[in-house]
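Turn these sequences into a full structure, and let the hints guide you.
Protein chains in written order, with our numbering: chain A, 81 to 266; chain B, 81 to 266.
Read the hints as simulated data drawn from the structure, not as lab findings. Each hint should be verified, as a subset may be incorrect.
One copy or any two copies: either way a pair holds, since identical chains are not told apart in the list.
Subject to a maximum C-alpha distance of 27 Å in a straight line, what follows is the list of computed DSSO-like cross-link-like pairs (lysine-lysine) [claimed, not checked]: (1) K83 x K184; (2) K174 x K83; (3) K132 x K199; (4) K199 x K83; (5) K182 x K83; (6) K251 x K230.
All figures in this text were calculated on a predicted structure; none of them were measured in a lab.
Protein chains: 2
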Amino acid sequence: MDKITLGPMPYMSVMPTVLVGANVKGKANYMTAAWATVACMAPPMVCVALNKARYTAKGIEENKSFSLNIPSAQHVVETDHCGLVSGSQEDKSKVFTSFYGKLKTVPLAKECPVNIECKLFSEVDCGSHVLYVGEVVEIHADKACLTDGKPDVAKIHPIVYSQATYFDIGKPVEKAFSAGKKYTKK
Amino acid sequence: MDKITLGPMPYMSVMPTVLVGANVKGKANYMTAAWATVACMAPPMVCVALNKARYTAKGIEENKSFSLNIPSAQHVVETDHCGLVSGSQEDKSKVFTSFYGKLKTVPLAKECPVNIECKLFSEVDCGSHVLYVGEVVEIHADKACLTDGKPDVAKIHPIVYSQATYFDIGKPVEKAFSAGKKYTKK
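Okay, here's the thing in structure tokens:
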């Protein structure tokens, strides 16, 4: 395998597509993001990186809370719309139906099968972007998307993001914490 | 859609499978992780959450640098092995062939189509896990995995992680920054 260098870039292979929810000036707003992951097991935390200029960032700063909503592939048009248009230019509060959970300051998108409700724990100023770390205070999920009480990607149809394209999740390759048992030392 | 609450959990829909590379006590070590994403555009940064007890965490602290290596589905057994076994119990330096890039303190796994070489920028103590934020100093990639000079998931075959299972990436659903133009206001 011949390697070449591509220079420093903000690269990641595959990412989740999420809608970051925040109230801005008292109104629900959702923006599309992919730079999100889990940050901690105990207490449970997630993080998401947002450009400092984003309207949603103002809402997170204002309410010290945010939500990560997992859209289904069936809502890919609405989801992408929330990434194309800023809440500063257009009221996006009606793109999804908002409901409120434990915190009363964070809108959750009803049409999204899973909603992660977070209290701001920490923020890292990285340059163009701020990495917001939130403690998960509650997970809301559609009953229809659960298998044995847990969110199931086969029912959620989450949107995988990579190279400016939305993908479906593919077929299972192997079970984690199991496939490695087949490894034989070189 | 009937919603129910599942309690606070470290949930994310889909995640990338990466191998976190670090030298520990002068020896290359790789551990499997999925809690990773991009943290910043300019300068380019990525982040990864590791349990504090992890052997790899010692190496990151020691060298103030780490790598995120993107394995192909063809290396799923080796990849899972690096998540099953700790470097404190077994020498994992031979699971992949290591090479070194700009920083001389960070091992990169040759068999992985993309290698992200990082200098530690910040760390967030979240509880059980530390979120390591690294500035990308170089991206190394297999020539064979590029299309128009950019890493291409169709050639990389990255491993999508969700609910303790490794998945293939599926079919493209829509183009981002484009599909949303079909949205009509409610």
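task = Any hints from earlier that this structure breaks? Give me their numbers in increasing order, please.
result = No numbers; nothing is violated.
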